Amino acid sequence: MVDALHLLQAAADTTGAYRDFPWIGSRAAVWIAAEIHLMFAAFVLGVPIFAVVAEAIGIFGKDQRYDRLSKEFTRLLLIAYSATALWGATLTFLLATLYPKFFAYLLSIFAPSVWVYGAIFFFESFTLYLYYYGWDRWKYGRAKIVHWCLGILLNIWGTTVMFIADSWLTYMMTPPRDITPETSPANIKIWHAILNHTWMPINIHRLIGNVVFGGAIVGAYASYRFLASRTDEERAHYDWMGYVGNFIAMSALIVLPFAGYWLGREIYQYDQSLGITMMGGFMSWLWVIQAFLIAVLFLAGNYYLWVGMGRIPGAERYRPYTKWLLVVLVLGALVWGTPHTMIADSRELAAMGGSHHPLLGALGVMSAKNTAVNLMILATFLSFLLYRRANIRQVVPWAKTGTRIQAAMFVIAAAIVLFFGIRGYFVEAIVRIGYSVYQVGAVLACIVFVTLIDVLMARGAQSLGAIQWGKMPPRSQYALFILAVTFTWLMGLMGFARSGIRQHWHVYGVLQDMTPYAATPALGYAAIMISTCVLIFLSLVGFIFWLGGLAEKSTFVPSTVEAPHVGH
Amino acid sequence: MRAYLKHPFWQAALLLVLAYIVIVFIIPLLPGSAVVPKSVVLQYMATVLVGILIWVSDEEERWTKFKEPLHDVLIQPRLKVVRTALLAAVTLIVGCFTYSQVRAGVAAPPNLRSIHPAPPSQITFRGKTIALVGLDNPLRRTGDMAAHLAVGRRVYYQNCVPCHGDHLDGQGHFAAGLNPLPANFQDNGTIAQLTESFVFWRIAKGGPGLPREGTPWNSAMPAWEDFLTEEEIWSVVLFLYDQTGWKPRTWEVSAEGSK
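Listed in order, the protein sequences are those of chains P and S.
Just so you know, the first sequence maps onto residues 1 to 568 in the numbering used here.
Just so you know, the second sequence maps onto residues 569 to 827 in the numbering used here.
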């Protein structure tokens, strides 16, 4: 009887609250629209950061190649921008028609921010048009600086737009504690809703993530153009562009896990149920997949650098070291990907005495994983360092001492990481969590100080020959494709994890999802959805690349003289 | 033989075989170890294979040399027999693998299971509301610890030992009949990772009391609140930590000073 009354109450509550979408259902429809909108948004927010940095290097380093690179990407932005707006509008229409009650709830809290969002989007669009169409007009002197400032302004608008949208989704995940199902949305102050637990961690995580994504997409574009190139000149340009994209993506990737760690910690502090669902419960399997994908990123990024050493005179000095770096990366990937709770049949479970392996299970816990990823970051940084030093010979008198100090820093950082990794097994969980800060601190300090020493040591260095841009085997370019695809898939996966931990809530603990889709989807279904979104996005990006090529071909004048390889 | 060992193709093949031997045969032989599940073997071998492919192809000369035997087998007329045997072997392996995947068996399929379902912020224990967030074991602050442990020991041996075992390792007499197996408290992945309030909640509510968030989950654990008092459950929680030597996870103190 009570159950029947509850059912009647639920039916009354949901009358007019939802509509269904044909064939795929409303959740899948909103999922696809939101995810692809987000991917394009990451593209149009990440690439301007890339473009404005490249333009600055072009201006202050007086290197025209960077200016051309920056402009080439801004052209792609114009098309990608339209795609972002189209998918954003689709998402809005779907939310308004499929989830009208929930949408009205959000609007009643965030309406002023929606107006500001619209206005800034307007400013952003016109700043982008000015930035692109004014490129050749404001090319020299003070006008060029003004043009560069337009690029900075474009980034400010873009970042503000992202911060506003982040406030909506973080409110859904971590609404302030004093807001309950009984709280009328009309009584919720907008700033109170915006300043929720995860707003700033998501802002920072996405900001860095966008730089990574922008770099990866630039790399993929360059590899596509490299493989389609017909002249050495084109190959040299796109080889160099791919290197720059990979460099930016990998550099930002190194700090991304730290921002992610902060976000995870805030989620735990807000609500342990959310944290446990994410890290120890149903969603914990996503982290094993994530570990795989990030291992793929590290391996592909390093592979690209090692293959690239083949076109750098002097790099042969460092060849013997790369196999040891590979050993560290593969061992790190093995440890990082080891699940704590293993998928096993009944015979294996009986032999293990449960779903935790008595020996390998030790690799499935936080101490082992933090140690593995920090050592992988150190190995990747060392790869960059070797690549950077490949074609130079330092001439400063303290070069040998400097190199020894750098080596000592690596050894000390690795020792600190290993020490706290092993010690983590012998202390209680609350102490162990704190150890990751020391590990991260040691790695970051090593990166900063070793880079500083390297820059000082490279002063006046003797060149062993220019990099032979363009002399790169085609297989290296597929590593750049893998990076872009993996980043995109990873975004979809972790977006699902972040959003999925709300489970059957529109707004966690405040507004319940009463649709038939309220159950957390199975991992297989989620994987299909994520892959579908990635395929749609990459197909559209491929189309945009093709359009970009069309625009350039119409003005491209092939060189009649065989082009020399562009130098370092 | 030496020439083969210096060739990148055969080095790669040897590395792959060695990795397989270590993962499948050596690791289970190590003290305290057990068989490595097939899913993990596959995962490890895939990682090693990627590593090996990176190694053979990151240098032009090595890559060219690595491809030579493959190239020769595929096109050299003198290697026709090898080519035929190889293609037959590949076809046979794929066929056997496919058959092993689709063959009907009696064993329960591997289960993707969450070990730690997310706890609610509060529970109702025999009509009394208990807030789990920030909750520590109240018996740590009151009464005689030895007496609490004695109660915990009695409760454990009267109720828990048939499944969780004399050694608290999940190897009780009934364990073999249960799937999933009872929790092994000696493992560093069970109570060592949890707050005492989480353990209290699991004991009190058992399998039937798992929240919607806790799925997918199959547990034969009874809801012990129907049989034990609140103090008895807290006592047995104390006993579990005392016997295993693990320390319970403690709550983080926020900036405002609250847990």
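The set of hints was computed from the structure by calculation and includes no laboratory data.
There could be a bad hint or two in this list.
The calculated lysine-lysine pairs, modelled on DSSO-like cross-linking and capped at a C-alpha distance of 27 Å, are [unchecked claim]:
(1) P:323 with S:696
(2) P:471 with P:400
(3) S:635 with P:471
(4) P:62 with P:144
On a predicted model such as this, the values are computed, not experimentally measured, just so you know.
Quick rundown of the hints versus the structure:
1. P:323 with S:696: violated, 62 Å
2. P:471 with P:400: violated, 31 Å
3. S:635 with P:471: holds, 20 Å
4. P:62 with P:144: holds, 12 Å
Of the numbered hints listed earlier, those contradicted by the structure are 1, 2.
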